[in-house]
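Those protein sequence lines, which keep their order, are chains D and P.
Quick note: the first sequence uses my numbering, first residue 1, plus one each step.
Quick note: the second sequence uses my numbering, first residue 1001, plus one each step.
No wet-lab data here; the hints were simulated from the structure.
Heads up, some of the hints might be wrong.
[As the list claims (entries may be wrong)] List of simulated lysine-lysine pairs, DSSO-like, C-alpha gap at most 30 Å:
#1 D/291 x D/313
#2 D/125 x P/1051
#3 P/1310 x D/245
#4 P/1199 x P/1310
[Claimed, not checked] Label pairs and their computed distance ranges (CB to CB):
#5 P/1050 x D/46: 49 to 57 Å
#6 P/1086 x D/152: 38 to 46 Å
#7 D/354 x P/1286: 28 to 36 Å
Since the structure is predicted, the reported quantities are computational estimates derived from the model, not experimental observations.
All residues carry an ideal CB built from backbone N, CA and C; glycine is no exception.
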Amino acid sequence: MAKKNTSSPASPAVQGAAAGSSARDTAVGYMHSMLLQRRFEEKAAEAYAIGKIGGFCHLYIGQEAVSTGTLSVLRSDDYVITAYRDHGLALVRGMTPRTVMAELFGRAAGCSGGKGGSMHLFDRKLNFLGGHGIVGGHLPIATGVGFAISYRGGDQVCVCFFGEAAVNIGAFHEALNMASLWNLPVVFIIENNRYGMGTAIGRSTAQQDVVKRAAAYAMIGTSIDGQDVYGVHDEMAAAVERARKEHRPTLVEVRTTRFMGHSMSDAASGTYRSKQELDESMQRDPIQLLKKKMLADGSLTEEHFAKLDEEAKVAAQDAWDFADAAPEPAPEELFAHVLSDGPTADTAGYVEAGR
Amino acid sequence: MTVMTYRDALNQALREELKRDDSVFLMGEEVAEYDGAYKVSRGLLDEFGPKRIVDTPITELGFAGVGVGAAMVGLRPIIEFMTWNFALLALDQVVNAAAKMSYMSNGQFPMPMVFRGPNGAALQLGAQHSQAWESWLAHIPGLKVVTPGTPADAKGLLKAAIRDNNPVIVLEGEMLYNTKGEVDENPDLIVPIGKAELKREGDHCTIVTFGKMVLVALQAADQLAKQGVNVDVVDLRTVRPMDVDAIANSVAKTNRAVVVEEGWEVCGIGAQVVDYIQRECFDDLDAPVVRVHQADVPMPYAKNLEKLAKPDAAKVIAAVKRVMYLGD
């Protein structure tokens, strides 16, 4: 029997939530976790703007209570898999800001050796299974992880995050059907921020009450407020327990808002989403909601908050400095890991042949 | 050595590898209770039980992805497609997930898995059920693609594929399942991936081929021998990675080559083989290389048109005569 551990050991982000800790420590841990994600991604946006980060870069800002609340209920031997909006989850699971930022900068010290990039963060030691770039593509993979857990008779759980727009792709249907049919320990988490890229849910989805889809798979479905970290924690604890003990999957809709554009390529508002709508949503910033609650119950002071925030900013800056100074992948890495047998070609020969 | 069918050779490979390693499982449509749509998995459910011989819904993308997920956390899945025609629906998992996971994760997540099933045309199954996918799959870095043409190679290559730590595509042939040949029953024997075999020796011309076309090339070789023309038949057995040395060694000897494949011409495997030949054997060639392939049309249903569309021994013989500047 694996030891009960409500936090991954390497995760500084939710260590306050470790078993046996006080309610105050738990709250402080949540705050630390969400601030780290927020300040890290603000730094990433800055780096993107000056070309230190390339390609696509999808920020999680506004959705931090989902990652913090969910991963706080997992054991270190559970599995986490997500789509391309993956920085926050990677940090909360326990990847260091340095290794994540180095990946965004395309450096050898990155969690995927600089060969994955923003959308493909992986960490085998943390059972962090990516970082996937095709909408819905990782849902059958999550079902497969659940299949493997069941095959071996284990009691781990796989949690799988995806956006609400993914419910319209066939992979969603195929993955949930098999997970329920075979009683697999997977929690499917719809992060419903109401926009699939620039398409509002009303323009893409006939049944906007997306959690009703659960009925099609004879699966329990629940719908919760994703801005309240405690609410997320409690519902995920129930869903994870259902997977672990009863081997039943759950579909959880978490209603949230991304405060940024779909990626760094689009404005947060003004095209497909009105400024007024965004401004109203931002009134429910998960960090501010938690801060208000903690100030009210006396578990936090303004000074303590400022200190936590400063720590997060320092960690983000440290990640930047580390990534900026870190070496790029060596040329020999070009042909490494295409296959697990070793390099598939010699880089020097490849360069020579091209001359 | 025992004479058995290609189908039984595959069945034996599955049985031996399932016995050898309990992280191996077989999943697909009708593989368990129905004994396999083409009976390749006959008897395996009884022997290994429903945990390891798993029937799926009709959901190719889904169960291909289940295989990827299971491989990520250390199992060794064998994913059967009832035919590769249906696997088009699963290509996102094969190409975007299985083939790239190792690279994207910097080697943290190797993909020890097999995708297998019948490939290519059978008889009068019409356009959507009669296609050869070798070149599509061989195009992708991160995959290995094997194309056994005989029962011995079917057994040895499938066993090698199951033991390999990379995603391996095994392209079988519906028309091959009933063919017979000698197979070594030693459970430790495999056929190494990436090694061609000279199936027949001759000095006049090289025929490079693979999969179902091996039998066609050998038929052509028999008939050519009666006319005094002796050919090398190089069976690639694996189309990715390709055994370029075996091709070059033969062409250096014969100075002439014909490439025979079941699929379409444009961007086909034959185009790649010809590229290797011009790179490695430019000074050896006494004639331009000729390719034999399916006509550039969706497969027609009518028997006469289907026959016209498919490569056959007569077309191979004509091609060999062309590169040898022989008249009919």
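Now for the hints, and whether the structure bears them out:
The suggested pairing of residue 291 of chain D with residue 313 of chain D holds, with an alpha-carbon distance near 17 Å, which does not exceed 30 Å. Restraint check for residue 125 of chain D and residue 1051 of chain P: satisfied, since their Cα atoms lie roughly 28 Å apart, inside the 30 Å limit. Using a Cα cut-off of 30 Å, the hinted pair residue 1310 of chain P and residue 245 of chain D is violated, with the two alpha carbons roughly 56 Å apart. For the suggested pair residue 1199 of chain P and residue 1310 of chain P, the alpha carbons sit about 22 Å apart, so the restraint of at most 30 Å is met.
Our hint of 49 to 57 Å for residue 1050 of chain P and residue 46 of chain D holds, since their Cβ atoms are close to 54 Å apart. Range check, residue 1086 of chain P to residue 152 of chain D: Cβ separation about 29 Å, and the 38 to 46 Å hint is violated. Roughly 31 Å separates the CB atoms of residue 354 of chain D and residue 1286 of chain P, a value that falls within the hinted 28 to 36 Å.
Going through the hint list in order, the structure does not satisfy hints 3 and 6.
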